[in-house]
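Student: Following the hints, put chains B and C in place on chain A, whose structure we already have.
Protein chains in written order, with my numbering: chain A, 1 to 504; chain B, 1 to 366; chain C, 1 to 175.
Certain hints may be false.
[To be verified] Which chain C residues face chain A? A few, computed with CB under 10 Å, are given here:
(1) Pro42
(2) Asp123
(3) Ala124
(4) Gln158
(5) Pro161
(6) Val168
Honestly, the hints are just simulated from the structure, not real lab data.
These figures come from a predicted structure and were not determined experimentally.
Built from N, CA and C at the ideal position, the CB exists for glycine as well.
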Amino acid sequence: MGLMEKLFGRDWGIHPDDHKRPAADAVTRTMPVPERLFVSLSQHLGAPARPVVLVGQKVRKGERLADPQGAVSAAIHAPTSGTITAIGEIPAPHPSGLPVLAITLEADGLDAWADLEGLNDPFLLPPAEISKKVAEAGVVGLGGATFPAALKLSLSEKAKVTTLVMNGGECEPYLSCDDRLMRDSAAAIVDGIGLMLHATGATQALVGIEDNKPEAIAAMQQAAAAQPHIRICPVPARYPMGSEKQLVQELTGHEIPADGRPGDVGVVVHNVGTAWAVHQAIRFGRPLVARLITVNGGCVAQPGNIMVPLGTLVEEVLAFAGGLNSAPARLVMGGPMMGMSLPQARVPVVKGSSGILALSAAEVAERTEEPCIRCATCVGACPMGLLPLDMARHIQANDLKGAVKTGLKDCIACGCCAYVCPAHIPLVQYFSHAKGELSAQEREKLRQESNRKLAQSRAQRLEREAREKAEAAARRKAERAAQAAATPESQAPSNLPAPQGATA
Amino acid sequence: MTPFAYTAVQTVASPHAHGGNAVSRTMLRVQLALTPATAYAFWLFGWPAFFLWLITLGACLLFEFISLRLMGVPHIRRTLGDSSALLTGWLLALTLPPWAPWWVGVIGAFIAIVIGKQVFGGLGQNVFNPAMVARVALLISFPLPLTQWVTPLPLTTLAAPGFIEGLQITLAGLPPPDAMASASLLGYAKTELSRGSDLVQALAAGHAPLISWIGIRAGSLGESSALLLLAGGLFLLATGVIRWQIPLAVFAGLAIPAAIGHALDPAHYLGVIPHVLSGAAVLGAFFIATDYVTSPTTAPGQLIFGIGVGLLTWVIRTYGSYPEGMAFAVLLMNALTPIIDRYTKPRILGRTRAGKPLDIPAKKGA
Amino acid sequence: MIAAILSLTILGAALGLILGIAGRFLAVESNPFVDEVEALLPGTNCGQCGFPGCSGAAAAIAAGSAPASCCPPGGKTTAVAIAEKMGLALDLAAVADTGPKLATIAEDLCIGCCRCIKNCPTDAILGAPKQIHNVLKEACTGCSACIDHCPTEALVMQPVPITLQHWVMPKPLAA
Numbered sequence: 001m002g003l004m005e006k007l008f009g010r011d012w013g014i015h016p017d018d019h020k021r022p023a024a025d026a027v028t029r030t031m032p033v034p035e036r037l038f039v040s041l042s043q044h045l046g047a048p049a050r051p052v053v054l055v056g057q058k059v060r061k062g063e064r065l066a067d068p069q070g071a072v073s074a075a076i077h078a079p080t081s082g083t084i085t086a087i088g089e090i091p092a093p094h095p096s097g098l099p100v101l102a103i104t105l106e107a108d109g110l111d112a113w114a115d116l117e118g119l120n121d122p123f124l125l126p127p128a129e130i131s132k133k134v135a136e137a138g139v140v141g142l143g144g145a146t147f148p149a150a151l152k153l154s155l156s157e158k159a160k161v162t163t164l165v166m167n168g169g170e171c172e173p174y175l176s177c178d179d180r181l182m183r184d185s186a187a188a189i190v191d192g193i194g195l196m197l198h199a200t201g202a203t204q205a206l207v208g209i210e211d212n213k214p215e216a217i218a219a220m221q222q223a224a225a226a227q228p229h230i231r232i233c234p235v236p237a238r239y240p241m242g243s244e245k246q247l248v249q250e251l252t253g254h255e256i257p258a259d260g261r262p263g264d265v266g267v268v269v270h271n272v273g274t275a276w277a278v279h280q281a282i283r284f285g286r287p288l289v290a291r292l293i294t295v296n297g298g299c300v301a302q303p304g305n306i307m308v309p310l311g312t313l314v315e316e317v318l319a320f321a322g323g324l325n326s327a328p329a330r331l332v333m334g335g336p337m338m339g340m341s342l343p344q345a346r347v348p349v350v351k352g353s354s355g356i357l358a359l360s361a362a363e364v365a366e367r368t369e370e371p372c373i374r375c376a377t378c379v380g381a382c383p384m385g386l387l388p389l390d391m392a393r394h395i396q397a398n399d400l401k402g403a404v405k406t407g408l409k410d411c412i413a414c415g416c417c418a419y420v421c422p423a424h425i426p427l428v429q430y431f432s433h434a435k436g437e438l439s440a441q442e443r444e445k446l447r448q449e450s451n452r453k454l455a456q457s458r459a460q461r462l463e464r465e466a467r468e469k470a471e472a473a474a475r476r477k478a479e480r481a482a483q484a485a486a487t488p489e490s491q492a493p494s495n496l497p498a499p500q501g502a503t504a
Numbered sequence: 001m002t003p004f005a006y007t008a009v010q011t012v013a014s015p016h017a018h019g020g021n022a023v024s025r026t027m028l029r030v031q032l033a034l035t036p037a038t039a040y041a042f043w044l045f046g047w048p049a050f051f052l053w054l055i056t057l058g059a060c061l062l063f064e065f066i067s068l069r070l071m072g073v074p075h076i077r078r079t080l081g082d083s084s085a086l087l088t089g090w091l092l093a094l095t096l097p098p099w100a101p102w103w104v105g106v107i108g109a110f111i112a113i114v115i116g117k118q119v120f121g122g123l124g125q126n127v128f129n130p131a132m133v134a135r136v137a138l139l140i141s142f143p144l145p146l147t148q149w150v151t152p153l154p155l156t157t158l159a160a161p162g163f164i165e166g167l168q169i170t171l172a173g174l175p176p177p178d179a180m181a182s183a184s185l186l187g188y189a190k191t192e193l194s195r196g197s198d199l200v201q202a203l204a205a206g207h208a209p210l211i212s213w214i215g216i217r218a219g220s221l222g223e224s225s226a227l228l229l230l231a232g233g234l235f236l237l238a239t240g241v242i243r244w245q246i247p248l249a250v251f252a253g254l255a256i257p258a259a260i261g262h263a264l265d266p267a268h269y270l271g272v273i274p275h276v277l278s279g280a281a282v283l284g285a286f287f288i289a290t291d292y293v294t295s296p297t298t299a300p301g302q303l304i305f306g307i308g309v310g311l312l313t314w315v316i317r318t319y320g321s322y323p324e325g326m327a328f329a330v331l332l333m334n335a336l337t338p339i340i341d342r343y344t345k346p347r348i349l350g351r352t353r354a355g356k357p358l359d360i361p362a363k364k365g366a
Numbered sequence: 001m002i003a004a005i006l007s008l009t010i011l012g013a014a015l016g017l018i019l020g021i022a023g024r025f026l027a028v029e030s031n032p033f034v035d036e037v038e039a040l041l042p043g044t045n046c047g048q049c050g051f052p053g054c055s056g057a058a059a060a061i062a063a064g065s066a067p068a069s070c071c072p073p074g075g076k077t078t079a080v081a082i083a084e085k086m087g088l089a090l091d092l093a094a095v096a097d098t099g100p101k102l103a104t105i106a107e108d109l110c111i112g113c114c115r116c117i118k119n120c121p122t123d124a125i126l127g128a129p130k131q132i133h134n135v136l137k138e139a140c141t142g143c144s145a146c147i148d149h150c151p152t153e154a155l156v157m158q159p160v161p162i163t164l165q166h167w168v169m170p171k172p173l174a175a
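Chain A with its partners taken away, still in its complex shape (with noise of 0.2 Å):
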């Protein structure tokens, strides 16, 4: 990094109020399995599980309830044991509200475990099989990307990093999970980054936890003592340190190429949300079924963190949370920065929700867009070197070519630009409509050679049928006129097939 660099560019990133207490310090509830729960099929980063249960099939708590389905999926198992009653949609937890395939589980009360049975020494297996173990149960990044975990691990290994950063960073405001899980359950922590680490083959462990959360970083420290190749490191709170490219960058000093990944620079990055899956999955062979939830956000009477089986309904956690105060503006999924506004309470919970908001209107701060005056704090702000008043621009005037020229794809959609715009443009949701209306200008494009492809293909089958019906009947021609000069004996060659280039 120059010294030009120092003075004028790399300031990025934002210092949002991070509203974290009272949550952090609350201690950890876990919540009694509600009486049903809505276990959605798309939990994950890539194509849906597909179901292996039927209906009115009994399971028990960790049974699987659906495989993967394609190279990028993950599989899905049962939060409780209980009655299957329904395979059918739901809304989303989505702000588009639109439906998704999940199975419905009546709960028995009993909540018990399936036989599951962990890895006795799992550092004497091969990597492969601590990857497939992972697999097994289902489990997926837990910082909100949802990128299935074995396939990461495998892919790394195959790439052979050096480097594990785990992202403790958390640097979404109001959440508090990873923080809290870094607290209570350190030492699961510290085993999963260790069998992480046999699983990807990368000799050291970088813990990056934003400076913010002291508590944090101790309990890591303490128990990440004994091992030297695990290393826990304070990084300054700044939003997104969280964020995969500038997390890298701050602990390895690595610039991830822009169409590259981590693995491209010798690393590959986990959350420690992970690290405490796989843990549960080596050891205990414990598949993914609950995980820690942040309630948070001026409408929640007691903000905390809570362990909510998934599958609950957002509504059921909210209720379990204390309740509301009052009516929130705006209901999230996820953190205030990136997370996803919810059209209703009912929706499930599902792997990769890393906190459950009711913000208040003040805390919103919802306003009219105003014209841009171009006073360039989005450009100070933007982490990854954008202009992102720019593309604003030229996505308003629909011109999506000069959009992606001026780096939309490189957009992360952190939402600083939107955060601290003076006008309240919607800088974010205008880049997502724009990168949305490319992808589904690219599946028109895809569609359309396809069907280019079937055209040509029922052109040339026609043509063929014509053929052979012209070859059909310049056969049975030929036979007639073969029959009416020859003795009815020499009719045999008729039955076999006529040779092979004969034209009419």
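Tutor: Quick look at chains B and C alone, frame taken from chain A:
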């Protein structure tokens, strides 16, 4: 289960929080920063200055209102509420001679708001700084009233025009008495130079205008007190409204050539202090060149822009036919802003400056 | 003065000569846009545009006798692509893009007559005589060529349902 009170009206994207900054807040802060210097100028130049300021601001708001009405903008009150028109008027008023007649302010407001801003599409769309467009248009069209400076007559002195007299000066366009008429330092220097006299002697002469840190000298309202303007500028820097690049670069661009010139030939080149304290230098560096809309968006771009403004100001002051060049310099650099922006784009993380993805480093042992 | 007139005249003459020569030697026989436009069209020859197949439509568009938005199954995407290629201004409001559509068969009405199958330009309808037919979603282009051939009105065009995977964040309203 009981239905939730919450209902989503429309799809909303993240983020679901905001830093709290607002256009109106920014504009308000700039106005706050201008207040001490303006109030001081009122005291210095008396009622006429206040009336001119009031008329210019009022006219700006009126023209903004009419423009928005004609363009059919739905929320006129809200758009007026961002007080950008007010600020434009304020800045324009500060660059006018304090005793200029009322119509100067009104025509200036029309040029600034209608021609300088709304014709381009309103706030954020204009290429040139509206206040400077108006100032330059006025200077070229009406050179006489725009160059009639008066010696300061503080309100507390006996000779200062009273309320009624002040109204007469502004509204009836009573010319200032001969005794009052004066030249600004830059104007005086230019005149003396054009007469072929030596600056060192000319400035040493008893009737030469004084350089005064506390601003008791002839000039526009915004020229009056460099110290108060500097304080306002520092307030803007401290509150993060402006960044340091443009002001610093403007001063550097102005002071460095001035220092060199003065060192080489003091008889023909004014020194650093007169340059920096005269004309619109301080006002321009902190309040005019830093206008968001018409200045570059990146830090290196802002440095280039600022140096350009400072340098051009010095060149125009030294070699041009006008004694003051800040307004011209700002407009010229405004025109260059798009091209500066184009060549000073920040480097995207993971890409080279040219926009190509970084090379994937070769693996050790792979 | 004379020098200026002379030099400009010579310059004009020389440039005119070059243009004339270029026009003669670099002349393009057919409209080069026809092939390029045809490549942008769906290529299913469904005939909804009223021209004989996609090549006919491409020729008409290239000749300027048909608007860039004349292809209904192509929708907005195709219209925009063609308008860009041709350098035409496109009034997007004029593009009747109701979103992609799919043919669906009402199973209780289908009599298994096979007439639709014969008319499908992409072989997207499966079925045999006296069997209920079915539309292959992946292959249907939404050209609605089959609709008119159904004797029982069992075929209807229905908009493709929006799914989570296909959802696009709406553009902010104010702009």
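Student: For a quick check of understanding: which of the numbered hints are violated here, in increasing order?
Tutor: 4
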